[in-house]
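S.K.: Please take these sequences and the hints and turn them into a complete structure.
Its first residue numbered 1, the sequence shown is counted upward by one per residue in our numbering.
The reader is advised that the hints may include incorrect statements.
[What the hints assert, rightly or not] Taking lysine to aspartate or glutamate and the DMTMM-like style, the derived pairs with C-alpha atoms no more than 20 Å apart in a straight line are:
| no. | residue 1 | residue 2 |
| --- | --- | --- |
| 1 | K98 | E34 |
| 2 | K98 | E156 |
| 3 | K98 | D113 |
| 4 | K98 | E145 |
| 5 | K98 | E149 |
[Claimed, not checked] Listed next, with one range per pair, are the computed distances between beta-carbon atoms:
| no. | residue 1 | residue 2 | range |
| --- | --- | --- | --- |
| 6 | S119 | G57 | 16 to 24 Å |
| 7 | A53 | P88 | 32 to 40 Å |
| 8 | R42 | D136 | 18 to 26 Å |
| 9 | R42 | Q158 | 21 to 29 Å |
| 10 | Q157 | A128 | 39 to 47 Å |
| 11 | D83 | D136 | 21 to 29 Å |
| 12 | P99 | E142 | 20 to 28 Å |
| 13 | P95 | A129 | 36 to 44 Å |
| 14 | P89 | R110 | 34 to 42 Å |
| 15 | L93 | S62 | 40 to 48 Å |
| 16 | A126 | A92 | 38 to 46 Å |
| 17 | E156 | E124 | 19 to 27 Å |
| 18 | A126 | Q160 | 21 to 29 Å |
Derived by calculation from the structure, the hints in this document are not laboratory data. By construction, the Cβ of each residue, glycine as well, lies at the ideal position given by its N, Cα and C atoms.
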Amino acid sequence: MAKHGRGDRDDRLDRQDRQDRQDPQDGEPPRSVEERIAREHRYIDELFGEAQAALRGPDVQSRALESFLRLRDALETHFAQEDHLYYPPLCALLPERKPRLVELVGAHARYRDILARISAQVEEGALAAASQTLEDFARSFERHERREEGLLRAVEQQIQ
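M.R.: This is how it looks when you write it as structure tokens:
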């Protein structure tokens, strides 16, 4: 699977930024970075569920690949926003939080490797392996979401 170039990443960031300006539920823009990231996490959780169901359902190969690619693209956009837009200013503003933020960015790099492994498994037709890898990844990502959201709540309280 080809890596995305800088232009692709910038396009995904712009698209995600437009999507996140309003909450589809109530039409209100997020009030904080923590709320915005939490909304992104909920959306990504839905995509995990769709991808997991697609890997187990009928017409598996094409549906699984399509569903997984949606998840992968959403995660790539999410990671890029956190790594390049949100976390650098927080590191500069709150240097005491930098070690935890750097840890979160490091997790994103490991997650990108897992996404590449799942992509290869799906493309090779190793759907049972892809399903198990995705399930393990979803559990790890859920823990990651809780750590991120907890840290961002603490940061928000600290700067208010």
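S.K.: How does the Cβ-Cβ distance of A53 and P88 compare with 32 to 40 Å: does it lie in that range?
M.R.: For P88 against A53, whose Cβ atoms are near 36 Å apart, the range 32 to 40 Å holds.
S.K.: Do the beta carbons of D83 and D136 sit within 21 to 29 Å of each other?
M.R.: holds (23 Å)
S.K.: Indicate whether the distance between the beta carbons of Q157 and A128 respects the range 39 to 47 Å.
M.R.: holds (44 Å)
S.K.: Could you see if the CB distance from R42 to D136 stays within 18 to 26 Å?
M.R.: holds (21 Å)
S.K.: Range hint 16 to 24 Å: satisfied by the CB atoms of S119 and G57?
M.R.: holds (19 Å)
S.K.: Taking the CB of A126 and the CB of A92, does the distance hold inside 38 to 46 Å?
M.R.: Taking Cβ atoms as reference, A126 and A92 lie about 43 Å apart, which means the hint holds.
S.K.: Can the suggested window of 36 to 44 Å be confirmed for the beta-carbon pair P95 and A129?
M.R.: holds (42 Å)
S.K.: Take a look at whether the Cβ-Cβ distance between A126 and Q160 falls inside 21 to 29 Å.
M.R.: violated (49 Å)
S.K.: Please check whether L93 and S62 have a Cβ separation lying inside 40 to 48 Å.
M.R.: With a Cβ separation near 46 Å, L93 and S62 satisfy 40 to 48 Å, so the hint holds.
S.K.: Between K98 and E156, does the CA-CA distance stay at or below 20 Å?
M.R.: holds (15 Å)
S.K.: Holds or violated: are the alpha carbons of K98 and E145 at most 20 Å from each other?
M.R.: holds (17 Å)
S.K.: Hey, K98 versus E149, does the alpha-carbon distance stay inside 20 Å?
M.R.: holds (15 Å)
The structure fails hints 3, 14, 17 and 18 (numbered hints given earlier, in ascending order).
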